[in-house]
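Given chain A, put chain B in place with the hints provided.
Protein chains: 2
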Amino acid sequence: MTPADDQRWLDAAAALAARGRPLSRPNPAVGAIIVKDGRVVGRGWTRTGGRPHAEAEALAMAGDRAQGATLYVTLEPCAHTSPRGPSCTSLLLTSGLTRVVIGVEDPDPRTAGSGIAALRDAGISAELLPLPTARRSLEGYLTRATLGRPHVTLKLAMSLDGRIALADGTSQWITGPQARAHCHVERSRADAILVGGATLRADSPRLDVRLPGLASRSPQRMVLTRGTAPAGWTAVADITAPGTFGDAQFLFVEGGAGAAATFLVADMVDRLLIYRAPIVIGDGLACIADIGLTSLADAHGRWRNADRRTLGSDTADVYERVR
Amino acid sequence: MTPADDQRWLDAAAALAARGRPLSRPNPAVGAIIVKDGRVVGRGWTRTGGRPHAEAEALAMAGDRAQGATLYVTLEPCAHTSPRGPSCTSLLLTSGLTRVVIGVEDPDPRTAGSGIAALRDAGISAELLPLPTARRSLEGYLTRATLGRPHVTLKLAMSLDGRIALADGTSQWITGPQARAHCHVERSRADAILVGGATLRADSPRLDVRLPGLASRSPQRMVLTRGTAPAGWTAVADITAPGTFGDAQFLFVEGGAGAAATFLVADMVDRLLIYRAPIVIGDGLACIADIGLTSLADAHGRWRNADRRTLGSDTADVYERVR
Chain A
0 MTPADDQRWL DAAAALAARG RPLSRPNPAV GAIIVKDGRV VGRGWTRTGG
50 RPHAEAEALA MAGDRAQGAT LYVTLEPCAH TSPRGPSCTS LLLTSGLTRV
100 VIGVEDPDPR TAGSGIAALR DAGISAELLP LPTARRSLEG YLTRATLGRP
150 HVTLKLAMSL DGRIALADGT SQWITGPQAR AHCHVERSRA DAILVGGATL
200 RADSPRLDVR LPGLASRSPQ RMVLTRGTAP AGWTAVADIT APGTFGDAQF
250 LFVEGGAGAA ATFLVADMVD RLLIYRAPIV IGDGLACIAD IGLTSLADAH
300 GRWRNADRRT LGSDTADVYE RVR
Chain B
0 MTPADDQRWL DAAAALAARG RPLSRPNPAV GAIIVKDGRV VGRGWTRTGG
50 RPHAEAEALA MAGDRAQGAT LYVTLEPCAH TSPRGPSCTS LLLTSGLTRV
100 VIGVEDPDPR TAGSGIAALR DAGISAELLP LPTARRSLEG YLTRATLGRP
150 HVTLKLAMSL DGRIALADGT SQWITGPQAR AHCHVERSRA DAILVGGATL
200 RADSPRLDVR LPGLASRSPQ RMVLTRGTAP AGWTAVADIT APGTFGDAQF
250 LFVEGGAGAA ATFLVADMVD RLLIYRAPIV IGDGLACIAD IGLTSLADAH
300 GRWRNADRRT LGSDTADVYE RVR
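Those protein sequences? They're chains A and B, same order as listed.
Okay, so the first sequence: first residue is 0 according to numbering that gives the first Met the number 0, each after it adds one.
Okay, so the second sequence: first residue is 0 according to numbering that gives the first Met the number 0, each after it adds one.
Chain A extracted, bound-state conformation:
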């Protein structure tokens, strides 16, 4: 294996992991690929509810072909036994694998390096290969571990001049069908979705996933309000209160301007997803309300562009929070 091969296989494992997102909750969505002589002999991703783990599934598929093979796995294999089954590390020790390439060390204190140590103690080569793809696929789990809350994407759909609606509130449609379909895929990858109270009252958005085969992936709906929520919605009064978002790993915030500002002021936006249509609105509703900024210098150095793409006549830009 060359370093480029390793990167390619681990990238592929990160892509596989996406199949488990967000259904693996409360477990992280992990991807695993077993490669022998340049061919895939096993693969797996964390299944609904967290079991089987990706590694167990890949090993079951590989069977005897795991002998002398390499496992690529996005997260360090778990090293703690659970009432739900043996640890992945214990399975790996008897698998015949000779090498394990790992994207991210598990921040769970019950594992936290002990999986890698156990593999090495058993004579299996275990290497960390930190790749952005693996990290991104796990960022909900990692954000929970480091910040105690879900990873938050703030989605904004705007005109070239930063307007999300006409002055009278009309917002259908700013972006075109490709951008809206892309947004539904993004929704399907979230555990929960949130809008502000004013947006809910004004637009009555369904916030479901309207893509063939993905209706069941519609996330839990939340509204930012000090009042009560309609049926099928959860009211959130304080986004910083512990436990507010349960065990959600990925939260998708769809505005409006007030909710966007609330999350930005709390520094709880990890990813900006901006759809822009090639239109000019002029006077209209702003996309983000007051965030208390008093100096331009304070605004710089916080966001890094991570993706730009064209969606029909619209564009989608992704910015990640620099921490």
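Derived from the structure by calculation, the hints contain no laboratory data.
We put the beta carbon where it would ideally sit given N, CA and C, even for glycine.
Be a bit skeptical, because a hint or two may be false.
As the list claims (entries may be wrong) - Footprint (simulated), chain A over chain B, 3 or more residues, beta carbon under 8 Å:
| hint | segment |
| --- | --- |
| 1 | 150-164 |
| 2 | 270-279 |
| 3 | 299-306 |
Said to hold, decoys possible - Partial chain B-side listing against chain A, Cβ under 8 Å, derived:
| hint | residue |
| --- | --- |
| 4 | Thr-169 |
| 5 | Trp-172 |
| 6 | Ala-260 |
| 7 | Leu-263 |
| 8 | Ile-287 |
| 9 | Ala-288 |
| 10 | Ile-290 |
| 11 | Leu-295 |
Below, chain B without anything else, positioned relative to chain A:
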């Protein structure tokens, strides 16, 4: 010559033409390349004040090597005699050239196809090859011919959320040094530059070209006001009044929000140049004031993305008006 070769040479002629912009005024900035056996034997672009023409310069450089060669020229060679010298068509007829590839037919009624006709009558192959590069290089001249006014670029420098300043008017700096240098190159390509009266009073912008070697390219400065202009500035009260912009071919509008709206309402913006910094401002000054839009449907179909690029941590997007 293959069609791909023809395109490549005509694109190169359009790139050469940029050297004459905007100094060629009142003439269009034309580029010309003479190619023989796959090698450049002459080239030229319209010089300051409009003479020599690009073709004359290229022919002078080629001399006898023009025999049997091909001329690539962005605009149809002029066919009318002028007190300033013979027409380019008459020069071409005695040049020995056997083929002429032309980007755009001259809309000047004194030529308007008669240059091409004269070449063909003399047995010289003359072909139109409409390329975006050639059209763009001439769009100031073409806009004057079709709409009787200069080609207008509206430049906006904004945050991700469409703000051009904090609420208190602070706008230094939103974009970084690369984007600001890029903007100075854009200024150097304009005959005139305009800001709104409020922007002039608030920011006292110099609007000159602060790049080594290009200070002499600073465009004529204009301010949109019904009052008087300071020394060194020209007051513009009505942008739609005939003759307002003299013989300017390219006008660069740098805001603020009111001037931007005035030009958009008059449908006098041909090109949007949007610099975006990776910052969020929240409450702040909008980039474009009210343009009287009452329906989102009316906003669509007017702008087409023509360029996207990264400038340091900023981006620059160009949109062209669809007419």
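Which of the listed hints are not met by the structure? The structure breaks none of the hints.
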